[in-house]
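Asker: Spelled out, the chains give:
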Amino acid sequence: MDHSQKRILMAKTGLDGHWRGPTIVARALRDAGFEVIMIGMANTDDIVRAAVDEDVDLVGLNIGGHINVALRAVNSVREARPDVPIFAGGTVPPHAKKQLEALDVEVFPPGSQLVDIVAAADRLTGRSAD
Amino acid sequence: MHDIQQLISAALDGKRAALARLLSVIEGADQNLLAIESQLTPPVGEAFVIGITGPPGAGKSTLINRLVPHALESFGQAAVLAIDPSSPFSQGALLGDRVRMQGGEFGERVFIRSMASRGEEGGLARATSTAVRLFDACKWPVVIIETLGIGQVELDIMNLADTVLVVLNPGWGDEIQANKAGLTEAGDVFAINKADKPGAAQTRKDLLDSVSLISSKSMPDIMETVATTDKGVLELWQAITAHHARLISSGELVERRHNRQRGLIRRIISDQINRLMDDALNTEEVAMLLEKSTVGEVDIHKALHRVLALMNR
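Each protein sequence line maps, in turn, to chains A and B. Going by our numbering, 44 is the number at position 50 of the first sequence; the sequence numbering is gapless. Going by our numbering, 138 is the number at position 134 of the second sequence; the sequence numbering is gapless.
Note that these hints are calculated values from the structure, not bench results. A virtual CB, placed ideally from N, CA and C, is assigned to each residue, including glycine. Where hints are given, some of them may not hold.
[Unchecked claim] FRET-style restraints, in silico, Cβ to Cβ: (1) A/N69 - B/D275: 19 to 29 Å; (2) B/R266 - A/T17: 39 to 49 Å; (3) A/S122 - B/S91: 18 to 28 Å; (4) B/S13 - A/G105: 42 to 52 Å.
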């Protein structure tokens, strides 16, 4: 048994209740051998605490609601866990995508392929070298 | 190893991130687990360890979410270890207990950690007992462990917790289910959760009948709860702490903790034996013998004895 599974936190920012997207992504990551910790809808404090306490290797944010909420979550996670990469998905408009990318967050807007998301998780957690 | 020592002293110093990292380290490799175990001696054993078990979907996570405020009121701080299953196919896991345990308003006073079972079959993860010892050493006064949703035999929690809460629902089985070995023998306290659904009275009756025949145990409390509305949760918490108090006054707590140490040693040794066995099975020599035994050229006993000989080397 491989004891080096990577752990990924999946959280929803804002009050948007659309669960299908993050659930499908979490499932794909699980099937790719990751341990995915779901916290559902969460405020910034909850996300930061989970990122620290769960000692995750990657944080995935499903962006719902206002982009400023997501940006605040990104900045707070960076402060608490500067070593942890962040990727994001959801209904992210182009201007918001740019803002997230400026913070070094990889963004998967609608239409993204699950294989690409899994490949990014592999790369960002250092599971693959590509 | 040096890193681990630094992490341990930082964690003992109250550094949360260091404790979080140690919890990953013990999940990572058995030698880390042993290294940390050996540095936590003598065992501290101050924390009250509560195990919560029961079938999938019984409401274990939701109940824990409701019990945590009471635990905080009694003890000031609370750690939660939530175990979920790993896929036997991908080794991945979806750890979803945290969804029902937000508890944001409690801030730093609650430490929730999700753990994947990683192939363990007893309802816990391999590193769970060491994780409990870590929380204990770092002065977390209560550790609440949520097992996998279990069936009838995954009862490792009995050897780890001071008080075991079994969560069931109305309509759970019948008197035959209640009298089968396993789950009903493991409980120190029972909660019939979702008690607003029909059948709670019958489930209580079946449970009572079943546990009354277990001569070695005193009659456990059977509580009724509706976790989603908080109904009966305070009474459940009181039953849990009353059991704990009885354990202390009767001296049974010491006995349970001796058993826990015994279980720990047993597990470490059986892990080592398993590893030796796998190493022997993976040798070319044994592979060849197995191949021959499949087509009847060699007696299977010969392969067996060879594996045993290799393990004894």
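Asker: All the hints need checking, so say for each whether the structure fits it.
Answerer: To see whether the hints hold, each was checked on the structure:
no.	hint	result
1	A/N69 - B/D275: 19 to 29 Å	violated, 43 Å
2	B/R266 - A/T17: 39 to 49 Å	holds, 42 Å
3	A/S122 - B/S91: 18 to 28 Å	holds, 20 Å
4	B/S13 - A/G105: 42 to 52 Å	holds, 49 Å
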